[in-house]
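Okay, so the sequence shown: first residue is 106 according to the working numbering, each after it adds one.
Just so you know, nobody snuck in bad clues.
If you anchor each label on the Cβ, the simulated ranges turn out as follows:
id: 1; residue 1: 198; residue 2: 140; range: 17 to 27 angstroms
id: 2; residue 1: 228; residue 2: 196; range: 13 to 23 angstroms
id: 3; residue 1: 159; residue 2: 127; range: 13 to 23 angstroms
id: 4; residue 1: 109; residue 2: 200; range: 32 to 42 angstroms
id: 5; residue 1: 125; residue 2: 170; range: 11 to 21 angstroms
Rather than coming from a laboratory, the hints here were simulated on the basis of the structure. A quick note: this is a predicted structure, and the numbers were derived from the prediction, not measured. For each residue, glycine too, the CB sits at the ideal point set by N, CA and C.
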Amino acid sequence: MPVGLTAAADWEVTDVTDLQLVLHELVPLCELHGRHAGVFGSIRVNTPADATLGAAEALDAYAAEAVEGVPEFTEVVIDGRAAVEVSLSRAGEWNRAERALAIETDGQTIVLTLTGLDQEEFELGLPAYRLALDTLRVTG
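From just these sequences and the hints, can you work out the full model?
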């Protein structure tokens, strides 16, 4: 994986590459799950299903599916590199807030996503997401 980050205390890190999933146009690489910290939410490190997409295009694809309202995109700098973050609300059965950040590494685009079982769990997961972003380092 071309990035490194610090997981929050009691958040379990799991390699999920063998699951071969595509979720909202993203392929999960690893998951940080908060269940041992009492949070029913997860932070996933993903790559776009379309490997040619840059950071902004990957977030556009992620935010295009079952979104309620208008997603809010923000340009940020992570580890000295330009990145893009989006806040959105999913419609449908989940009806929840999500946040995602995309950054281009030397070899691929990486997208971190935060989801929670519901709005309360999403908010409980925000400190772990912020820690992941604050410690995110491009390694490749």
